[in-house]
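When you get a sec, could you build the whole thing from the sequences and use the hints?
Protein chains: 2
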Amino acid sequence: MKNIIYLCVFLSLNASAKLEKKVFKLSVYTTVLGETIRDLRVGYETYGVLNKDKSNVILVTHHFSGNSRAIGYWESIIGPGKALDTNKYFIISSDTLVNLGANDPEIVTTGPRTINPTTKKPYGMSFPKVVLEDFVRVQRELLQSLGIKKLYAVAGASSGAAQAVSWAAYYPEDVPRVIAVVPPGLSLPPYVIALLNRWMAPILLNPKKGLVESLKLITQSSVYFDWASPQKDMEAALDERAKMRAKTADAESLLYTARAIQAFNIEDQASKIKAEILFIPAEKDMIFPVELSEDAAKNLCSLGKSAEVVVIKGRGGHLDGLSKVGDVSQEIIQFLERKPGKNHCKTN
Amino acid sequence: MKNIIYLCVFLSLNASAKLEKKVFKLSVYTTVLGETIRDLRVGYETYGVLNKDKSNVILVTHHFSGNSRAIGYWESIIGPGKALDTNKYFIISSDTLVNLGANDPEIVTTGPRTINPTTKKPYGMSFPKVVLEDFVRVQRELLQSLGIKKLYAVAGASSGAAQAVSWAAYYPEDVPRVIAVVPPGLSLPPYVIALLNRWMAPILLNPKKGLVESLKLITQSSVYFDWASPQKDMEAALDERAKMRAKTADAESLLYTARAIQAFNIEDQASKIKAEILFIPAEKDMIFPVELSEDAAKNLCSLGKSAEVVVIKGRGGHLDGLSKVGDVSQEIIQFLERKPGKNHCKTN
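Quick note, the sequences are listed as chains A and B, same order.
Per numbering that gives the first Met the number 0, the first sequence starts with residue 0, numbered consecutively.
Per numbering that gives the first Met the number 0, the second sequence starts with residue 0, numbered consecutively.
A partial selection of chain A residues facing chain B, derived with a Cβ cut-off under 8 Å:
no.	residue
1	Ile-192
2	Leu-194
3	Lys-208
4	Leu-237
Listed below are the simulated DSSO-like cross-link pairs for lysine-lysine, each with C-alpha atoms no more than 27 Å apart in a straight line:
no.	chain 1	residue 1	chain 2	residue 2
5	A	Lys-128	B	Lys-208
6	A	Lys-312	B	Lys-312
7	A	Lys-312	B	Lys-297
8	B	Lys-207	A	Lys-207
9	A	Lys-207	B	Lys-242
10	A	Lys-208	B	Lys-208
11	A	Lys-297	B	Lys-312
Just a few of them, taken from the derived set where beta-carbon distance is under 8 Å, the chain B residues facing chain A:
no.	residue
12	Leu-194
13	Ala-200
14	Pro-201
15	Leu-204
16	Lys-208
17	Lys-215
Just so you know, these hints were derived from the structure itself, not from any lab.
Beta carbons: idealized from backbone N, C-alpha and C, even for Gly.
Here's what the structure looks like:
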């Protein structure tokens, strides 16, 4: 019997991984800054089975260059028997608005590449400005369309972690648990706001040729020294990766995504958070160093919240939040399975 | 009497700091790669007094955006009674070839902005390619023109440290002591070779407007997170600094300087080194992390050389190699004053 269930999960997972990109549509969406987007569409994927009372939902919010295929970049923790166990939980992840991979046929997003229904041409830079909170609001609309009112947890890496803690700040009743991997803390540090300007600069300096250089700088920022060691020519490796990505990435969407992330700041909402938060920084992360997680956790604990820090060991830098998150599977499982309510504070 | 000496040193230092940029000229210089540069000129400054047997010379080799005014960026260790004591030592520092600050009237350099004697126009990108070893060779020509055959020490920060250890590798008989501050080790790591490409990219993408962005990225790479904390708007601070620097910096010279530094690699010459080397990395350096110094020192010690590591504590990142080097003054003084010969290995 158990084997049959595994087989069914396997088949359904496989089907969803290969084919079932679903599309959420919203006829009118009003942005946080008060502009209107018509005919909004974002893609999403689900893994596992939604239980009857819809109480087993884990939302996965993706990072800068990610998309709704969460099982692609977090395969070490999403699946049957894994930390985000698809035998127990219903995992859902959606493509963000203004998704970087706007030219990828697998990604469904609304942003600068979308045809403006009024002009019948792509919006380009006339697309309304969006902020990180818009990503969260659209995810919430999607969940509500599925009748899901409360989450079991939200989990995300990097700017996905920023979305996850934003969920807890903006919708405290809906979110009992947050898993924030390689996270910025409760706001984007000035250093990283500036770094995002550096990422955008090549495109602004040369709209035609800048995208590849932007993607190279993003990868270079995201790795630690050792990334290059096996392949002595790091430049060639960066170039190859960036050129491959540039095939499906969109320069204007990169600008919109970067600006949305720059707006992340829930410092003033932190007191409203009810969720327990597990911060999982990576040891050698040069974008969001470990101390940002420690500061955020201390801050939350001083407000009487539950916040813990578990560090991913390794020399991969920021990217360890994707490739090595499986190393802290046990800590994630314990966090997901324990009863919330008690104050858990562990901040080194 | 002592006071009078101090006064004299003060006056002579002041005079040199304000006025005495000297110029070294070489009618023909052949580059490491075999090209010819005619009428080469580089500026230099000296502090302190050259003793009779010319045995008290400390050469200071400068960093990427530095110049011969060593007393400007290393004021905490250069001066009477300081670690590089101008009462004892004769300090000399020259502007590099292809110096970034080619449009600064205080800097004398030969590079893309120089008038090509043949065409009567600036060389621009037709200037011969130079490598870091060329910086060292020109310094040696300058010293020989002053009758200085052997140094007491060479000291430099960042790519200046690369020049300092190159001196020890290429001219082992001339260099008994090297002080390598925020240094790359014995070669430029692939990560930093690639990072220098990122620094160059804005200029290559937009020759007219790219310089300011390059300078912003260079500063952003050189500081740690805290640089922005006092001034919440890091972008504005970067912008202000970059625009001021851009007034005297030259985009093409930046490309030449970056490429020269990318060529730094003395791994194969390490066995020839006779100097004792003091590596002084900075705790939060994200360009040349502490472990690069430790690896280089271990490597040298395993070859029977003397190499030690002393870490600058602080949260300034790479720039701590300039602003906080005074914190390790005692270690520098001990290193300079002890008799060489014994094997000193201390690599944590």
